[in-house]
Amino acid sequence: MDYDVYSNWVNWCAAAGMTGGRLNRFNIAKQSKDYDQHGDYVRHWLPELAKVPNEFVHEPWKMTSFQQMEYECKLGVDYPNPIVPPSRPNPHTDRNNRGRGGHQSKGNNRHGPPDKSRKANASGSNRHQKYEMKSLQPGSFRVKES
1 MDYDVYSNWV NWCAAAGMTG GRLNRFNIAK QSKDYDQHGD YVRHWLPELA
51 KVPNEFVHEP WKMTSFQQME YECKLGVDYP NPIVPPSRPN PHTDRNNRGR
101 GGHQSKGNNR HGPPDKSRKA NASGSNRHQK YEMKSLQPGS FRVKES
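If you're matching positions, the sequence shown starts at 1 in the UniProt record's numbering and goes up one per residue.
Heads up, a few of these hints could be off.
[Said to hold, decoys possible] Each pair of labels, with its calculated beta carbon distance range:
1) Ala15 with Pro82: 15 to 21 angstroms
2) Glu55 with Tyr6: 24 to 30 angstroms
3) Met69 with Glu145: 26 to 32 angstroms
4) Gly76 with Gly21: 32 to 38 angstroms
5) Val5 with Leu75: 18 to 24 angstroms
6) Gly21 with Asn54: 31 to 37 angstroms
7) Val84 with Ser7: 22 to 28 angstroms
Quick caveat, the hints were computed from the structure, so don't treat them as lab data. Built from N, CA and C at the ideal position, the CB exists for glycine as well.
Modelling step: build the complete structure from the supplied sequences, incorporating the hints.
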């Protein structure tokens, strides 16, 4: 069995959103097309797609029933149907990751500018807070072994 503490534990934490880093959502079909343009890797590991042309090798669920018979790859029989559609851009977010309100969604205060009185009172702990926040940077956390 494949087991690696760093890979498994940290990736589970990241998947749960516990690392403070951004959550990456990849469009699997797009990634596959970008990095395996001719489908060689896909066909090597998925022999049921061996006869499927490049046009459909990354998205076999787009084949018609006739094409499935022609390429000997019937969805739901030879190759599983997709459980959910591949990810698409969120129509409620623009390129700068702004939500519906149009303001930048960073930090916990999503309803307006930071409270100036709180900011002034927190200046003494600012250095420590910056140090603590550094641990939330992607790639800066470590799993301690006992």
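Checklist entry - Where does the structure disagree with the numbered hints, that is, which hint numbers, in rising order? => result 2, 3, 5
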